[in-house]
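Enquirer: Based on the sequences and whatever the hints tell you, model everything.
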Amino acid sequence: MANNKKMIERWSPWLLLVAVLVTWQVLCSAFNVSEFIFPSPARIGSQFMEFKWIIAGHAWRTFWVTMAGFGLAIVVGVLLGFVIGSSRLAYAAVYPLMTAFNALPKAAFVPILVVWFGIGVGPAILTAFLISFFPIMVNIATGLATLEPELEDVLRVLGARRWDVLMKVGLPRSMPYFYGSLKVAITLAFVGTTVSEMTAANEGIGYLLISAGSAMQMGLAFAGLLVVGAMAMVMYELFSLIEKRTTGWAHRGSHGE
Amino acid sequence: MSAPLAPPEAPYFVDFRDVWLAYNDELLAQNHFAVEGIDLQVRQGEFIAIVGPSGCGKSTFMKLTTGLKMPSMGRILIDGQPVTGPLKISGMAFQAPSLLPWRTTVDNVLLPLEIVEPYRSSFKQKRKEYEARARALLQKVGLAGYEDKFPWQLSGGMQQRASICRALIHEPKMLLLDEPFGALDAFTREELWCILRDLWTEQKFNVILVTHDLRESVFLADTVYVMSKSPGRFVVKREIELPRPRELELTYTKEFTDIVHELRGHIGALRKAGAVINQ
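Sequences listed follow chains A and B, in order.
Those letters in the first sequence? Residues 1 to 257, by the numbering used here.
Those letters in the second sequence? Residues 1 to 279, by the numbering used here.
Hints listed in this document are in silico derivations from the structure and should not be mistaken for laboratory results.
Careful: at least some of the hints might be erroneous.
Said to hold, decoys possible - Cut-off 27 Å, straight-line C-alpha distance, at most; resulting in silico cross-link-like pairs (DSS-like, lysine-lysine):
no., chain 1, residue 1, chain 2, residue 2
1, B, LYS140, B, LYS126
2, B, LYS128, B, LYS88
3, A, LYS183, A, LYS6
4, A, LYS168, B, LYS124
5, A, LYS183, A, LYS244
6, B, LYS69, B, LYS229
7, B, LYS272, B, LYS237
8, A, LYS168, B, LYS63
9, B, LYS173, B, LYS69
10, B, LYS229, B, LYS63
11, B, LYS237, B, LYS254
12, B, LYS140, B, LYS124
13, B, LYS126, B, LYS204
14, B, LYS88, A, LYS168
15, A, LYS168, B, LYS126
16, A, LYS168, B, LYS69
17, A, LYS168, B, LYS173
18, B, LYS88, B, LYS173
19, B, LYS128, A, LYS168
20, A, LYS168, B, LYS149
21, B, LYS173, B, LYS124
22, B, LYS173, B, LYS63
23, A, LYS244, B, LYS149
24, B, LYS126, B, LYS149
25, B, LYS69, B, LYS88
26, B, LYS229, B, LYS272
27, B, LYS88, B, LYS124
Only a predicted model underlies this, so the values are computations on that prediction, with no experimental measurement involved.
Expert: Here it is as structure tokens:
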């Protein structure tokens, strides 16, 4: 009985997906919706198969550009998070500015980046980076800054330096926050890359979306969206797997004690 | 205050001479002190308990004793030396066990050895030896078989035992406990009283126990101090002359409850004077 329930839970996202696709197809066929306005899943599928090598090329470009921006975001986010999480002064100085920066729409940076770096890889990588480093930084800083005062006393009385406390307690404690933030940041990075490619690239899924749209190839445009969504989801699942493997102690509730 | 058991010229282990502490200069200028005129002499190996209403400066007193805070006025000598900074010879445990959830119990107990000298520099070479010591200590407090479990797999009482082991692993001369059993149920608490009693009887370190529980203080301590709130002062010193070794049955005898009642009377008097008490 309980086993059965678990099976249903595991397969529920796939069931929902199938249900949505079937409804979509039925509605498109029943009302005879034009494929140029709103393509049916069957049409998207056939266009996907037709242009699969072209899509694959653009998808690969979007993927590695996103990963480059995301890698940069991890490095910068961790370093900045470490600095503002370990020093009250840095926290007070940097945090308000960072919040203001985070509120800016990152798509607005693309024209500026084009002026600086030209059309191509540069703006896409940097947009992916700009949009995704913030959650990583905040989470590392939070993990480092929340330390029980009692534990700090226990260690300080033993002559622990600030560095000891950071390495022995702060950093391991911030790891679950870090992995949690990676899951959010990777999806944001895909958004950044795609948005940038729409105006500032001749390659990538974003470029594909725009050119398919202007050629009224709606099936192809939808197929492109599908690929970005799938890539983001796979990366999300990957990080959530790594998270479970490495910081299981923080998720003990989910798989029993 | 003279110590009946030690010769008068013997130096005290903990020696507070008219110690005052204000948390900052502003409060100092207003003559607003967290603790006032603390005079305290504790013999080597003595077990003292401090009871009093919450917010009376008990935790401040602990910070002064361990050198985490410096007094605004007065002088503190620990083991004959003036206190100038954090005292490595002390071990601390609090009401919250605050074990690290990503370390096993034995690794949690080993944490101080990774930080405090002289263990720190030899930690890598002598890890086996230290680990054996940590395991022996855990077995002594009844955690045999739980050494390699994670803290979140242990009950609250077990976590607190591990926390006390962590405070003792570097063989401190002084153990400071801030309401260590406050969050435990009555049976577990009494069990841990006996474990603490046995550890102390064996190793004879100094203990400073801060507690709300009068029975706990009378059962465990040689001397009980009652602290008042604002000003934070020691108002009563009560030597507990009950014979050792003390068994739990003692807590049901008339002599025992008389002492508890007497202390309760002092606290009640403080309360009438306007202080809030939290038991």
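Enquirer: Hint by hint, say whether it matches the structure.
Expert: The hints, checked one at a time:
no.	hint	verdict
1	B/LYS140 x B/LYS126	holds, 21 Å
2	B/LYS128 x B/LYS88	holds, 23 Å
3	A/LYS183 x A/LYS6	holds, 24 Å
4	A/LYS168 x B/LYS124	holds, 15 Å
5	A/LYS183 x A/LYS244	holds, 12 Å
6	B/LYS69 x B/LYS229	holds, 19 Å
7	B/LYS272 x B/LYS237	holds, 19 Å
8	A/LYS168 x B/LYS63	holds, 22 Å
9	B/LYS173 x B/LYS69	holds, 19 Å
10	B/LYS229 x B/LYS63	holds, 17 Å
11	B/LYS237 x B/LYS254	holds, 21 Å
12	B/LYS140 x B/LYS124	holds, 25 Å
13	B/LYS126 x B/LYS204	holds, 26 Å
14	B/LYS88 x A/LYS168	holds, 18 Å
15	A/LYS168 x B/LYS126	holds, 19 Å
16	A/LYS168 x B/LYS69	holds, 23 Å
17	A/LYS168 x B/LYS173	holds, 25 Å
18	B/LYS88 x B/LYS173	holds, 9 Å
19	B/LYS128 x A/LYS168	holds, 20 Å
20	A/LYS168 x B/LYS149	holds, 19 Å
21	B/LYS173 x B/LYS124	holds, 24 Å
22	B/LYS173 x B/LYS63	holds, 16 Å
23	A/LYS244 x B/LYS149	holds, 18 Å
24	B/LYS126 x B/LYS149	holds, 22 Å
25	B/LYS69 x B/LYS88	holds, 14 Å
26	B/LYS229 x B/LYS272	holds, 12 Å
27	B/LYS88 x B/LYS124	holds, 20 Å
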